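Listed in order, the protein sequences are those of chains F and B.
For the first sequence, UniProt numbering assigns the number 1 to the initial residue and increments by one for each residue that follows.
For the second sequence, UniProt numbering assigns the number 1 to the initial residue and increments by one for each residue that follows.
Rather than coming from a laboratory, the hints here were simulated on the basis of the structure.
The structure displayed is predicted, hence computed values, not measured ones.
Ideal Cβ positions, reconstructed from N, Cα and C, are used throughout, including at glycine.
Don't take each hint at face value.
Each pair of labels, with its calculated beta carbon distance range [said to hold, decoys possible]:
# : chain 1 : residue 1 : chain 2 : residue 2 : range
1 : B       : His-131   : F       : Glu-50    : 47 to 57 Å
2 : F       : Gly-174   : B       : Glu-165   : 34 to 44 Å
3 : B       : His-131   : F       : Gly-347   : 32 to 42 Å
4 : B       : Ala-147   : F       : Glu-165   : 31 to 41 Å
5 : B       : Ser-292   : F       : Ser-215   : 45 to 55 Å
There are 2 protein chains.
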Amino acid sequence: MTEITFAVLGTGGIGRRTLEVSQHADGLVPVAACDRNGIAVDHDGLDVDELLAATEGNVAGDGRGDTAGPDAATDGGVEASGTGGGVKQTGDGAGVVASEQGEPTDTPIDDVIAESEPIDAVLIALPNLEHDFIPRIADRFVDAGYAGVLVDVLKRSRVIDMLDERAETFEDAGITFVCGAGATPGFLTGAAALAAQSFVEVQEVDIWWGVGLKSGYEDNRGTVREDIAHLDGYDVETARSLSKDEIEDLVEEHDGVLEFHDMEHADDVLLERAGICDADDVSVGGILDVRSDEKPTTTTVSVTGTTFDGETATNTFQLDDDTSMAANVNGPALGYMKAGVMRHRVGDDGVYGPAELMPRF
Amino acid sequence: MTEITFAVLGTGGIGRRTLEVSQHADGLVPVAACDRNGIAVDHDGLDVDELLAATEGNVAGDGRGDTAGPDAATDGGVEASGTGGGVKQTGDGAGVVASEQGEPTDTPIDDVIAESEPIDAVLIALPNLEHDFIPRIADRFVDAGYAGVLVDVLKRSRVIDMLDERAETFEDAGITFVCGAGATPGFLTGAAALAAQSFVEVQEVDIWWGVGLKSGYEDNRGTVREDIAHLDGYDVETARSLSKDEIEDLVEEHDGVLEFHDMEHADDVLLERAGICDADDVSVGGILDVRSDEKPTTTTVSVTGTTFDGETATNTFQLDDDTSMAANVNGPALGYMKAGVMRHRVGDDGVYGPAELMPRF
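Kindly generate the complete structure, drawing on both the sequences and the hints.
Take a look at the structure:
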């Protein structure tokens, strides 16, 4: 497979780490990155080390994704970090513009779109606190005539449906959209698809994750906010409206440990899409500890099914507790991006979940 | 992806079960199958139920793969079973010809090749007791001008090298060759590639398998023979020259339980090819119990690596003891076949191992 060029929308925790991990891969060339205030483009390849050094601890967003605020009209609400919090610097000088490669802009997404024609793939590393935020970004790429691959790392079942409604539009436009390509649902539904290979019928997929986020907390407030929306008594609107202090109070109430059950996580619809099992047969839960870097529980994917010779069995995939959430997001996201480029090149455009990109019968 | 048509060379344990499992998949249409004595072809799709019923317990081979015998001149040594043993019927009336769809032939492989032009993929479900047996079959497809996908389920490192020497020939011919696509190396190296997604560098891959083969023993003598060749003091030549009684004596000596360490299994070269780690960092071993259907040990893939943030960790994939070898061969083989067809359709011909077909960065 020839070289793949890609852009990253959002340079928060996920965006930054994806740029970093891409340096360990052959044939992946980051050529554009943007945040709320700036954009960096070099079609021969960004200087990732310089970009990361210049923006380290220097992000502009607050983890809310200002899609309804004044920025929405111009840039669709792109924010610098996708995560926000703990910034060394805020305002006009923050984020990508602090890099030698950065240029200030009021319209970062439009600017990336303007450069996108020769770019193979665009990773949307933004929080999605409004359900239709990422679908609307996709619409803008369609409207601009982009033909290529869009990848997100979202986690909400209903957003997949919104993208699915656009499947024909994407096919006509020549866009392959890979959704949910991060750690979960991406990595773990991929593992479920692999584990399902022993079976002709799958009865149950159980996904249970543990995240210890002490040192990563500041960089991943957007993700924490999204998780809070899964707690009993919260939804995306209430989670989004919480102030930083209110989030701290909530975390305090739970002694820093948030436990989730029956999450509306995209894993269910993605596994159904891939033909692995019915969405109802998928359960997702986990424990988030924001006061420790130790994982509070071991991330485990269990797939129970029936073999062609009539046995019922459970295959399991476990991530070592010493693999961080960040480590488990970025490798898979880039892997699925490459797999999406393959689909695009063969002309199979449309919407894909990670499990659909796995070899499977 | 549109419908995929495929042929199966060999209707022993693996060939038969692959035909059976394909009935559970969408868009996979078996159109040809052959053994030593016969061939069945229907480009609209074989009646798999009839074929399997007619040939149940009715196979012609003896698990040796007569590539050097008198048949070699005409059919390259294709045998009915790929496994042999315990046949209800032998000789001219055995195997595929017992099916309503079967026609007798002295040149089964040539007959499949003659029908191959519209066939997307050919699964070579034959034992490979001579290292160059499967490579030589591939040569015949090349010579006949076949353009499509060839898949094998072989297990020997050095055969991969032989195929690799042909990579340019395959590319020129328009052939995508997927090698080692069964349970091991196929399923388990795929799992290793998945588990490696947490890491920017992999230090060690440990593959440890358990197989309980009591009820499947008669149908899988070819596989047992191949495994014996991995024991200390044996190689492919000595394993091939063993009589059935000698194999029984050997099994008796070990009380039916054969344990293998540091096997020359294709996993190592396949993982190196895929860029996961060096071949030297892969260790393969396992326990085969031919007197019990219970697995003597749990099949486990352990991948130890370093994350981008500097942690060393081990991810693991485990197959439930209740998944049989057969269940773990056939699903992956068909899955990798589909992935191979994708590569072929995008024009990326050549030689692939299973791990190369996984989404990965």
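Consistency of the hints with the structure:
1. A hinted range of 47 to 57 Å holds for the C-beta pair B:His-131 and F:Glu-50, which are about 51 Å apart.
2. A hinted range of 34 to 44 Å holds for the C-beta pair F:Gly-174 and B:Glu-165, which are about 38 Å apart.
3. Under the hint 32 to 42 Å, the C-beta atoms of B:His-131 and F:Gly-347, about 38 Å apart, fit the expected range.
4. Range check, B:Ala-147 to F:Glu-165: about 38 Å between beta-carbon atoms, so the 31 to 41 Å window is met.
5. Separation of B:Ser-292 from F:Ser-215 is about 49 Å and conforms to the stated range, judged on CB atoms against 45 to 55 Å.
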